[in-house]
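Protein chains in written order, with the numbering used here: chain V, 1 to 255; chain H, 1 to 154; chain A, 1 to 753.
Read the hints as simulated data drawn from the structure, not as lab findings.
Treat the hints with care, since some could be wrong.
What the hints assert, rightly or not - Using C-beta positions, here's what the derived DEER-type ranges look like:
#, chain 1, residue 1, chain 2, residue 2, range
1, A, 250, H, 152, 53 to 59 angstroms
2, A, 446, H, 54, 45 to 51 angstroms
3, A, 60, V, 39, 21 to 27 angstroms
4, H, 72, V, 12, 24 to 30 angstroms
5, H, 56, V, 11, 38 to 44 angstroms
6, V, 93, A, 63, 47 to 53 angstroms
7, V, 61, H, 149, 55 to 61 angstroms
8, A, 450, V, 86, 23 to 29 angstroms
9, H, 115, A, 450, 49 to 55 angstroms
10, H, 33, V, 93, 36 to 42 angstroms
11, V, 149, A, 60, 32 to 38 angstroms
12, H, 15, A, 31, 37 to 43 angstroms
To be verified - Simulated pairs of lysine-lysine, DSS-like, Cα-Cα distance not exceeding 25 angstroms:
#, chain 1, residue 1, chain 2, residue 2
13, A, 705, A, 422
14, A, 428, V, 236
15, A, 422, H, 124
16, H, 150, A, 645
Cβ atoms here follow ideal geometry from the backbone N, Cα and C, with glycine treated the same way.
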Amino acid sequence: MKPFDLLQPGSLGEALSLLDVADARPFAGGTALMLMMKAGVLRPQRLVSLRNLRLDAIEANGSLRVGAMTTLRALERSEAVRNGWPVIARALRTLSNVRVRNVATVGGALAHADPHMDLPPLLSALGAQVVVAGKGGERRLPVEDLYAGYLENTLRNELITHVEIPALGKRGAAYLKCTTRSADDWPAVGVAVVLGSEERIFVSAATDRPVRIKDEAAIEALKIEGDLHGSADYKKHLLKVYLRRAIDEARNAVH
Amino acid sequence: MRREIQFQLNGRDVSAQVAPHESLVEVLQENFGLYGARESCGQGMCGCCTLMVNGTAVSGCLYLATLAEGARVDTIEGGAELDAVQQAFVESGAFQCGFCTPGFILMTRQLLDEQPDPDDHAIKHYLSGNLCRCAAYPEIIEAVKLAARKRRKQ
Amino acid sequence: MKRATQSTETPQVGRSVPRLESWLKVTGRAEYVHNLRLPGMLYGKIFRSTVAHGRIRRIDVSAAQALPGVFKVVTSKEVREIVPDPYFGPAFHDQPILAIDKVRYVGEPVAVVLASDPHVAEEAVHLISAEYEELPAVYDEVEAMTSKAIVHDVLRPAGTFPDLKHLKDRKNTNLALDFRLRRGDAANAMKKADRVFEHRFSTQQVMHTPLEPLVSVAESTESSLTIHTASQSPSFVRIEIARLLGWPENKVRVRVPFLGGGFGAKLYIKLEALVSVLSLLAKRPVKISLTMEEQFFTITKHASTFRIKSGVSKDGRIVARECEVWWNGGAYADIGPRVTQKSGFTAPGPYDIEHVAVDSYALYTNLPPAGALRGFGIPQLVWAYEGHTDLMARELGLDPIEFRRRNLLREGRPQATGTVMKDAALEKVLERISVLMEWGKPFERGAGTVKKGRGIAIGFKACVSPTTSLAAVNVNADGSCIVYCSTADMGQGSDTAMAQIAGEVLHMAAESITVVHSDTDVTPYDMATLGSRSLFHMGNAVKLAAEDALNKLNVLRKELGLAADCPIPDIFKKKYGMQAGNVAGTGSYIPSYKSPDANGLTDNATPFWMVGASGVEIEVDTETGRVRLTRLVNVADVGTPINPKIVETQLSGAAIMQLGFTLHEKMVFDAQGQLRNASFAEYKIPGMLDLPASMVNEAVVAEQKSGPFGGKGVGETGTFGVSPAIANAIHDAVGVRLTSLPLNPESIWEKLK
Chain V
1 MKPFDLLQPG
11 SLGEALSLLD
21 VADARPFAGG
31 TALMLMMKAG
41 VLRPQRLVSL
51 RNLRLDAIEA
61 NGSLRVGAMT
71 TLRALERSEA
81 VRNGWPVIAR
91 ALRTLSNVRV
101 RNVATVGGAL
111 AHADPHMDLP
121 PLLSALGAQV
131 VVAGKGGERR
141 LPVEDLYAGY
151 LENTLRNELI
161 THVEIPALGK
171 RGAAYLKCTT
181 RSADDWPAVG
191 VAVVLGSEER
201 IFVSAATDRP
211 VRIKDEAAIE
221 ALKIEGDLHG
231 SADYKKHLLK
241 VYLRRAIDEA
251 RNAVH
Chain H
1 MRREIQFQLN
11 GRDVSAQVAP
21 HESLVEVLQE
31 NFGLYGARES
41 CGQGMCGCCT
51 LMVNGTAVSG
61 CLYLATLAEG
71 ARVDTIEGGA
81 ELDAVQQAFV
91 ESGAFQCGFC
101 TPGFILMTRQ
111 LLDEQPDPDD
121 HAIKHYLSGN
131 LCRCAAYPEI
141 IEAVKLAARK
151 RRKQ
Chain A
1 MKRATQSTET
11 PQVGRSVPRL
21 ESWLKVTGRA
31 EYVHNLRLPG
41 MLYGKIFRST
51 VAHGRIRRID
61 VSAAQALPGV
71 FKVVTSKEVR
81 EIVPDPYFGP
91 AFHDQPILAI
101 DKVRYVGEPV
111 AVVLASDPHV
121 AEEAVHLISA
131 EYEELPAVYD
141 EVEAMTSKAI
151 VHDVLRPAGT
161 FPDLKHLKDR
171 KNTNLALDFR
181 LRRGDAANAM
191 KKADRVFEHR
201 FSTQQVMHTP
211 LEPLVSVAES
221 TESSLTIHTA
231 SQSPSFVRIE
241 IARLLGWPEN
251 KVRVRVPFLG
261 GGFGAKLYIK
271 LEALVSVLSL
281 LAKRPVKISL
291 TMEEQFFTIT
301 KHASTFRIKS
311 GVSKDGRIVA
321 RECEVWWNGG
331 AYADIGPRVT
341 QKSGFTAPGP
351 YDIEHVAVDS
361 YALYTNLPPA
371 GALRGFGIPQ
381 LVWAYEGHTD
391 LMARELGLDP
401 IEFRRRNLLR
411 EGRPQATGTV
421 MKDAALEKVL
431 ERISVLMEWG
441 KPFERGAGTV
451 KKGRGIAIGF
461 KACVSPTTSL
471 AAVNVNADGS
481 CIVYCSTADM
491 GQGSDTAMAQ
501 IAGEVLHMAA
511 ESITVVHSDT
521 DVTPYDMATL
531 GSRSLFHMGN
541 AVKLAAEDAL
551 NKLNVLRKEL
561 GLAADCPIPD
571 IFKKKYGMQA
581 GNVAGTGSYI
591 PSYKSPDANG
601 LTDNATPFWM
611 VGASGVEIEV
621 DTETGRVRLT
631 RLVNVADVGT
641 PINPKIVETQ
651 LSGAAIMQLG
661 FTLHEKMVFD
671 AQGQLRNASF
681 AEYKIPGMLD
691 LPASMVNEAV
701 VAEQKSGPFG
711 GKGVGETGTF
721 GVSPAIANAI
731 HDAVGVRLTS
741 LPLNPESIWE
751 KLK
């Protein structure tokens, strides 16, 4: 790995200005970042750790407000999440492994923009928004608007500070993913469904970013690329099967 | 640029000169001669590099040593005698080449701390992030259940 | 710490002794070369070829050399200062220590950066640039037979194997070996057969991925070398390094502690020649420790294509069989030619067939080299012949087990080579798998979208021969015992097994015995730890050595006028006047063997056979093609188990590993020969969640009369039947026949839709 500076600012403002140089990267849990740096794919001069920004609170007050530096494990084990958003706790159980979840953060998971990941489609389907801080102030945007393409997010020198998830209430919800090799693998397809007055369906892993679809017919129109997990044709087929299964599971979800 | 950090290692206060890019596994090997945590896959997927930081299991090969400053680090080498988990692994023959074994033991301790009586399903899920190429998995599952029984007796 | 009592009447073999090194492994203190650091040591990082086939026009190391902290950058130019003819390999001297003139696969080592900080070395590797004149490349084994893309300008057999001599100086070919077996007249018999069946099967390239990646360290003086290496073949390393340097064997010392897994990857020469040369150049210890990714560019398992044709009589007897096997050896031969021959002669399977023709070809291609991987070619062969067997059974309307029963080789009958079957419990294993699978009972396949199926397969292997093992056993003045052998314990429990064997002879508890690890200055010659040969060969050598020591003690007792049951410490006190001295026993074992003739025939092909069968029950989700294993049963003939617990875990471990090769693993290359998935993120080995819902592993009651206390090898046996059993079960469940590995959901879905 190319040597770099590791800085640990104590405030959001400090972090933002430290990031305002070329070749600087924010460092949340660091799992995805370290992988890419070890592979030589990313070679930043400066890493700015966000661990001292005190962004790790989980507040449940009807809706859920999660600090971006909350670890996935903390989210998984939170009573409030298990009671109010059981679909999230369930999805996290099969997200990577315990060691990764101990360290990886919600903000990092959302910002990384890997289309195979579980949280982006699920939180999008739940109607979640992120709170984003930049030099110009704060803004909110739906999770699905974070993505521009493969590993490309729409943040401009900004940091996610919180994720806000509306109450699930009595709505049925499910997230299913299909792995085609070993059980612990990136999925070939992912489908997140939240039912209610408005049906919100997001598919992932088969496209370069999570995509909202209306129904099974919309799958035909998707731009799907094959990869090591399956050809485009197969993924298209899997999406149809898993959409049906996710809707069934969402309908039967009891909470 | 090396900087001195201080932290607790297996219950002792220690210090080390670390560069920002050095992983916790590297520093523990280079500076403290502790080789129980090993980098194997380099991607946090195999668990051979498992270390405990502030009582939480992490992938040491992806954990920058600098971030262990002020933390409590525990490795497989800590502990004077074999605990219930280690004894159970021995009795169940839950290893072959042994390279992944420290990682499995540390994860098992954490599993049993959280779930004192896990069933096969819970065990497989919890340990799904630890790989064993020798495939001693069935024996490991038995060892976890035996360790749970031993802990209950203690 | 409790010490086990030394003298005991309890039998030591047949006991599930906990592994001797248990404490070390559960406390993280076991010694692996992965952990070795020496004062003044330099780390080497390898610069690798980015083209699959090309002539090297230029290598520019200047920027790398200039990076602060870089000690030296080495290419083949510097290598040749130390070793003028730097080509190595067990069968062919075809592999250069660093690429010379040409590169033959993407990932081939071209240069090495040495630095005391491995991060600096790695950074410097990025600063090296090379230019290649690209040449046409060939990747497929069948295509390689006739391709104009020729990987090696001239063949260079090593001279170690007599059956390769005729290939010397051959040009314009990718065929490294053509093994041929002819028994009777298969072509004619085929014409006369009532039914003829022909099928084609293929398998993929995979990698062992031991969790301790390949690693070697060398330290040198001006006339001697010590190599610390994770190797299954220390004696071979010594001989080959000595040969390369033109030194006597006693000036090269090879040390092997525990291996963090081997599976055949850590054999012959991998990094040892490179670190030796680097250490001699740098005059400092040098360590090269591969990353998981780099392992894929070092050694792999042969992909294969197998065309199998059988003539069958009306009453379901196979009267003739033709086997044509193409082995994809990659860019360097490694032990491929041995796989081609030694496995090749069992290509017809464990069946009693009068007329047999086998053609087994080792091909060079522009892929990472293939060598020995647990099974040594057998799993690829069983994959084909057991799929073929089931297909024929179906066509003939015969039950798959009944069809096998009619054709299985029995004790006393000649195998394809003409060697008569002895102590190979094929029948017992087949019957036992039938019982455990409840084959006679009706099986519900289900009516919904999830269909159930079951399948079985049986395979066998001939232990490689002839090979030699020597051992020494020391009895100390206090009666304690030390065993010296160059067998490498890579997790298969060899230390424990050898202690049990010595303990059985000397009436000592296995736990009380010390086993000294491979150190060629100390432990005697051993061919290598491979092919499940060690329990038999080294076990016999250890047994002989222990008997020799016991005999010497008895002779001493007589000479000193002591009683026949006089305790050992008293013998030494009487002889030396105090607690002093020791008695050393030695043992040497090489089984009898007869080289095959020009038709591949011999009446003594192997000292023992391994037999393994698997049965599976599966569920297929017909909507997605995904397969779930509900039951996996493995039955084997391992002779008399020396350590029943370890035997069980070897069967289980091998079978689960083979599951990976069957369902998930495949090295995927693009059109330019670049590997796309050289990491655990994209190359998926079995994890906890991939276990079958239920597993049974059993050794049938059997005895290998020529083995130590009736025992023989078991390390590979669990791999034999797994792949075809699953394919047979898929066929049973949904009528889909897959003939190439891995069996992925998409290929099942493709055929179902």
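Structure versus earlier hints, numbers of those that do not hold, lowest first: Hints 5, 7, 9, 12, 14, 15 are the ones this structure does not satisfy, whereas the remaining hints hold.
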